[in-house]
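Asks: Could you put together the complete structure from these sequences and hints?
There are 2 protein chains.
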Amino acid sequence: MENQELKKAGLKSTLPRLRILQLLEHSSQRHMSAEDIYKALLDIGEDVGLATVYRVLTQFETAGLVVRHHFENGLSVFELNEGQHHDHLLCIKCGKVVEFLDNFIEKQQCTIAQKYGFEITEHCLYIYGICPKCQIKTP
Amino acid sequence: MENQELKKAGLKSTLPRLRILQLLEHSSQRHMSAEDIYKALLDIGEDVGLATVYRVLTQFETAGLVVRHHFENGLSVFELNEGQHHDHLLCIKCGKVVEFLDNFIEKQQCTIAQKYGFEITEHCLYIYGICPKCQIKTP
DNA sequence: ATGAGTCTTGAGACTTTTTATCAAATGAGG
DNA sequence: CCTCATTTGATAAAAAGTCTCAAGACTCAT
Ligand SMILES: [Mn+2]
Ligand SMILES: [Mn+2]
Ligand SMILES: [Zn+2]
Ligand SMILES: [Zn+2]
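From first to last, the protein sequence lines are chains A and B. Residue 1 is where the first sequence starts when you use the working numbering, and the numbers rise one by one after that. Residue 1 is where the second sequence starts when you use the working numbering, and the numbers rise one by one after that.
Everything labelled a hint here was simulated from the structure, so no lab data went into it. One should not assume that every hint holds.
Note that the list lumps identical chains together, so a pair holds whenever it fits in one copy or between two copies.
Below, simulated DSS-like cross-link-like pairs (lysine-lysine); rule was C-alpha separation at most 30 angstroms, straight line [what the hints assert, rightly or not]: (1) K115 x K93; (2) K96 x K115; (3) K96 x K107; (4) K115 x K133; (5) K93 x K39; (6) K93 x K133; (7) K39 x K133; (8) K39 x K7; (9) K8 x K39; (10) K133 x K96; (11) K39 x K96; (12) K39 x K12.
Replies: Written out as structure tokens, the structure reads:
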């Protein structure tokens, strides 16, 4: 139960937190902004405050339950932290997101950090482009 | 003269545009936010409007004179476009920025895009970590 | 040089995203 | 259940960036 996940993360199990966690676990979109989550909850008749959504997402991030990304537009999006790091390939037309992990790139990043004496804490690689479907459509 | 650069870029040569371009060319910081640029200009007694700084930076970006980045905090920073693409290594303590280019990573990105059928338009790789100097300081 | 006419500027209003405040509601433990 | 610390939600405020429009600055052809 999500109840346990919250407790394990050191967070009291409250209704808004449960709803947000469940939404992230069951939504069809994997990457959602705070606004997206807020609206999705309103749509299914659960009314949380927007401030609570922002607050809870930050708490989830701190607790390691979710990961926050800054996609190009400057908007924060969140996704469930399922353990394995990955990077993103994004369609600039339709917003489609593909997740990938490339071990060669991961290793090479360590090499680069080492070369400059940096102790690496994290990284993100965003590749923007046009997805197969959007290449077909003639605008 | 910066005059010519502006004209080549299809922009009328005006005082605010010249000042901003000169600042970007001669500032000690290579990556600056709109606010940074605005304050730097006020500091040297040149008074431009903040709206103009934002506007001009966007025009410069469109004209290919500068490149815009979104560093982690969600703030836009700009740097002169000197032709060669590169990625960034950033210190989370002091804000130091190191630029690098790794041909292997660049190629691998194309391979990944191809694998998913994407037509790649651009990409950005940010590696965050702690720089050599900040590793020494005991906080 | 001068003036016409277009483009640009700057002040401030406005939008969007996110955070802070604080009284009221809630959940955990006894 | 009761208590009490935590959490919530409405709303105000901050932060970053964009829009508007009258006034000013450039360019180009005289
Ligand atoms: Mn992802
Ligand atoms: Mn750079
Ligand atoms: Zn697409
Ligand atoms: Zn540092």
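Asks: Check the structure against each numbered hint from earlier and tell me which ones fail, lowest number first.
Replies: Nothing - there is no hint that the structure violates, so all of them hold.
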